[in-house]
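Okay, here's what each chain looks like letter by letter:
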Amino acid sequence: MQQINLLLTSLPDGILLGFVYGLAAMGLTLIWGVMNVINLSHGPIIALGMFGTFYLFTRIGLNPYAGLILVAIVGLLLGILIYAVAVHRVINAPHLSSLLATFSVNMIIIGLGTAAFTTSPYNVDFAAGGFKLGSITLLGTRLIAALVAMLFTGGLYLFLFRTRPGKYIRAVANNRAAAELMGIPSTRILALSFGLGTMLAAVSGALIATFFPFSILAGGSYELKSFVIGVLGGLGNPIGALFGGLVLGMLEGIIPAFMESSWVPVIEFGLFVIILLVRPSGLFGAKQQ
Amino acid sequence: MKRSLSSIVTLLVLLGVILSSCAPAAPTEAPVAPEPTEALAGEQPASTDAPAKAEENITVGFTSSLTGAQEVSSKRQVAGFNLWMDQVNEAGGIKLSDGTAVKIAAQTYDDESAKERVQELYTRLITEDNADFLISPYSSGLAAAASIIAEQNGKIMITAGAAEDDAYKTGNTSLFQLYTPGSQYLLSTVDMLKTLEPEAKVAIVHENDKFSTSVVEGLKPYLESHGFEVVLEEGYASETTDFGRVINKIVESGATVLLGGGHYPDGSTFARQLYERQAGLKFVSLLVAPADSKFPELGDAALGISTSSQWELAATHTKEEADALGKPWFGPTGEEFAAAYEEATGEKPTYHVAGGYMTGLVLQKAIEDSDSIDPEKVKAALEAMDIFTFYGGVKFDTSPEAHGLQVGHQMVVAQWQKDDAGELVRKVIWPADVANADPLYPIPAPE
Numbered sequence: 001m002q003q004i005n006l007l008l009t010s011l012p013d014g015i016l017l018g019f020v021y022g023l024a025a026m027g028l029t030l031i032w033g034v035m036n037v038i039n040l041s042h043g044p045i046i047a048l049g050m051f052g053t054f055y056l057f058t059r060i061g062l063n064p065y066a067g068l069i070l071v072a073i074v075g076l077l078l079g080i081l082i083y084a085v086a087v088h089r090v091i092n093a094p095h096l097s098s099l100l101a102t103f104s105v106n107m108i109i110i111g112l113g114t115a116a117f118t119t120s121p122y123n124v125d126f127a128a129g130g131f132k133l134g135s136i137t138l139l140g141t142r143l144i145a146a147l148v149a150m151l152f153t154g155g156l157y158l159f160l161f162r163t164r165p166g167k168y169i170r171a172v173a174n175n176r177a178a179a180e181l182m183g184i185p186s187t188r189i190l191a192l193s194f195g196l197g198t199m200l201a202a203v204s205g206a207l208i209a210t211f212f213p214f215s216i217l218a219g220g221s222y223e224l225k226s227f228v229i230g231v232l233g234g235l236g237n238p239i240g241a242l243f244g245g246l247v248l249g250m251l252e253g254i255i256p257a258f259m260e261s262s263w264v265p266v267i268e269f270g271l272f273v274i275i276l277l278v279r280p281s282g283l284f285g286a287k288q289q
Numbered sequence: 001m002k003r004s005l006s007s008i009v010t011l012l013v014l015l016g017v018i019l020s021s022c023a024p025a026a027p028t029e030a031p032v033a034p035e036p037t038e039a040l041a042g043e044q045p046a047s048t049d050a051p052a053k054a055e056e057n058i059t060v061g062f063t064s065s066l067t068g069a070q071e072v073s074s075k076r077q078v079a080g081f082n083l084w085m086d087q088v089n090e091a092g093g094i095k096l097s098d099g100t101a102v103k104i105a106a107q108t109y110d111d112e113s114a115k116e117r118v119q120e121l122y123t124r125l126i127t128e129d130n131a132d133f134l135i136s137p138y139s140s141g142l143a144a145a146a147s148i149i150a151e152q153n154g155k156i157m158i159t160a161g162a163a164e165d166d167a168y169k170t171g172n173t174s175l176f177q178l179y180t181p182g183s184q185y186l187l188s189t190v191d192m193l194k195t196l197e198p199e200a201k202v203a204i205v206h207e208n209d210k211f212s213t214s215v216v217e218g219l220k221p222y223l224e225s226h227g228f229e230v231v232l233e234e235g236y237a238s239e240t241t242d243f244g245r246v247i248n249k250i251v252e253s254g255a256t257v258l259l260g261g262g263h264y265p266d267g268s269t270f271a272r273q274l275y276e277r278q279a280g281l282k283f284v285s286l287l288v289a290p291a292d293s294k295f296p297e298l299g300d301a302a303l304g305i306s307t308s309s310q311w312e313l314a315a316t317h318t319k320e321e322a323d324a325l326g327k328p329w330f331g332p333t334g335e336e337f338a339a340a341y342e343e344a345t346g347e348k349p350t351y352h353v354a355g356g357y358m359t360g361l362v363l364q365k366a367i368e369d370s371d372s373i374d375p376e377k378v379k380a381a382l383e384a385m386d387i388f389t390f391y392g393g394v395k396f397d398t399s400p401e402a403h404g405l406q407v408g409h410q411m412v413v414a415q416w417q418k419d420d421a422g423e424l425v426r427k428v429i430w431p432a433d434v435a436n437a438d439p440l441y442p443i444p445a446p447e
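Chains as they are written, first to last, in our numbering: chain A, 1 to 289; chain B, 1 to 447.
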């Protein structure tokens, strides 16, 4: 009975958190889906999003949710910059080249971030209230974060399926050579895709900062979760990432009801390996090459 | 193609897991110069006035965590050591009876809070930098890693910020511990609880690391022997940021008291989420984090959170205590130490700062007592040491079973309370004879 109660109290938390995990993973999987690049700078960009919220809130006094717009814009521009500087020249090279390029960006951001912010934990002292439903406590910050994650997912879906640049992105993802023959400026579309991916990472970081403390190293664990989610939802399938995020969030809610919390990563990554072995295209199926 | 991509992703995740356990790469391996601190001429802990005939320089080697999980407390420990070193050097060094002045040089590197780096760097400190004496890195895990290298090379290592007991019970003879051992960390808190609520139901939730685990190993039997019911015992990973589910478990267990935590990052996060989720606990004691001066940045979430402290200025030890115990007094008073530190850094010292300072002070005392910098003689002086300082008693176990374990030092319980101006201040609440405030019990519910 106690376990059922625990499950009921922990599951909503896990689900709400799952939306934000999903948003972070969406950025990673979008970049992978469009240009077959695994963005190893994903984690530090999530951390930069966290610092964006911190400075906008503590220095300017901007509400973290209003600050999301600025974080998103800067994230988009940063992504385009990273693409132009580090990724574009190796986009057609073997995977190892783009891996090393984004890994280098990862190290540069962490190095600069450590010099600028140290690795001390930062804390955004912001509360959005909360309410109790019986024994379940729902925090306002998590509810809003889940809502924002859903809005971004919906926005991304509309962008990809209802707008011309979005259709260009899908066309480039499907067949870059054919898209170029149709007159689609593939370089600009690839840069835009990378920018969108980093924007989603930065926004997820900005949301996470409203409920967890962080340091410049904090993005690493979310990057790992993004890989797991990407595989769960299907690498290259941004919408599937949201589903993957929810699955991971639910697991994080369910597991501690029955065993020690330290088992969570063991089971998460065990699942990751199993899915890669049994269904490598992910539960939602990835883009076919 | 698809298979090869999947393989790459798998490899990357495995690489990521490995890298994440290793902390980030440091930008440089160059020695990190200790931050200068201003010494106060009148408060230098140097000894005799004998005219200097010659000058000897000794190198004290240690690593500090300039980055990574232990950064906050490690920097404070190093700041304390640097204060001592600057004071000694400003005073002309440690004077030996033949007039030799022993000056101190520090050799230090950033260990990035990583055990692998610690072992590599302590080897370097010993073999390349020829360090004469070693100070431990901060945290039990890192100190245990360093202790292996120190022991293998027969180098004396004075440990601070390393409370876990086991490293001293494996036959080591080169380690000398300054902190009260982990297994005794929360015992005085239990003694206090006995007077506050003998029927309390206790949840023990702690970081899964060497130090916190050693604390629990001593705590649980002590609680049970005093009639407390332990309704939950749970460990969490060091990198945990979401305590929501653990807090749900605490609430479901019906616990009224929480004892546990680990280090600064997890402890401060835990405290904040306990407040946000209105866990309704009457008493919370967390390890390490609430002892840091950054802790009040949590705002009202800090109110009522207690910690076991190795030293508090409000309950600093005095020469009168030493006289009453019949032990020799050594070094500055707590007020002199705190004033010197505050003048040098602008901050009030925490127990981590005091621990760092004490590593130097104990080394100084051992050099003075042995009248030598010969490691064997200094080691003999450490083994014979039984002194009293502003930090409290210092005496090391010399039995083969627990050589170097601290047996002379007592801890106090401190709690964040609000003063008349509504500011958060850390008050000493136990033992009663040194307390400067009553325990805030139960912790007031969030408004």
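Quick caveat, the hints were computed from the structure, so don't treat them as lab data. Just so it is clear, the structure is predicted and the values come from calculations on it, not from any experiment. Watch out, some of these pointers could steer you wrong.
[Unchecked claim] Capping the alpha-carbon separation at 27 Å, the derived lysine-lysine pairs in DSSO-like fashion look like this:
#: 1; chain 1: B; residue 1: K201; chain 2: A; residue 2: K132
#: 2; chain 1: B; residue 1: K379; chain 2: B; residue 2: K395
#: 3; chain 1: B; residue 1: K169; chain 2: B; residue 2: K220
#: 4; chain 1: B; residue 1: K294; chain 2: B; residue 2: K115
#: 5; chain 1: B; residue 1: K220; chain 2: B; residue 2: K319
#: 6; chain 1: B; residue 1: K282; chain 2: A; residue 2: K132
Checked hints:
1. K201/B to K132/A: 24 Å, holds
2. K379/B to K395/B: 13 Å, holds
3. K169/B to K220/B: Between K169/B and K220/B the Cα gap is close to 20 Å, so the pair holds against 27 Å.
4. K294/B to K115/B: Holds: K294/B and K115/B sit about 25 Å apart, inside 27 Å.
5. K220/B to K319/B: 35 Å, violated
6. K282/B to K132/A: Within the cut-off at roughly 20 Å; holds.
This entry does not satisfy hint 5, going by the numbered hints stated previously; all others are met.
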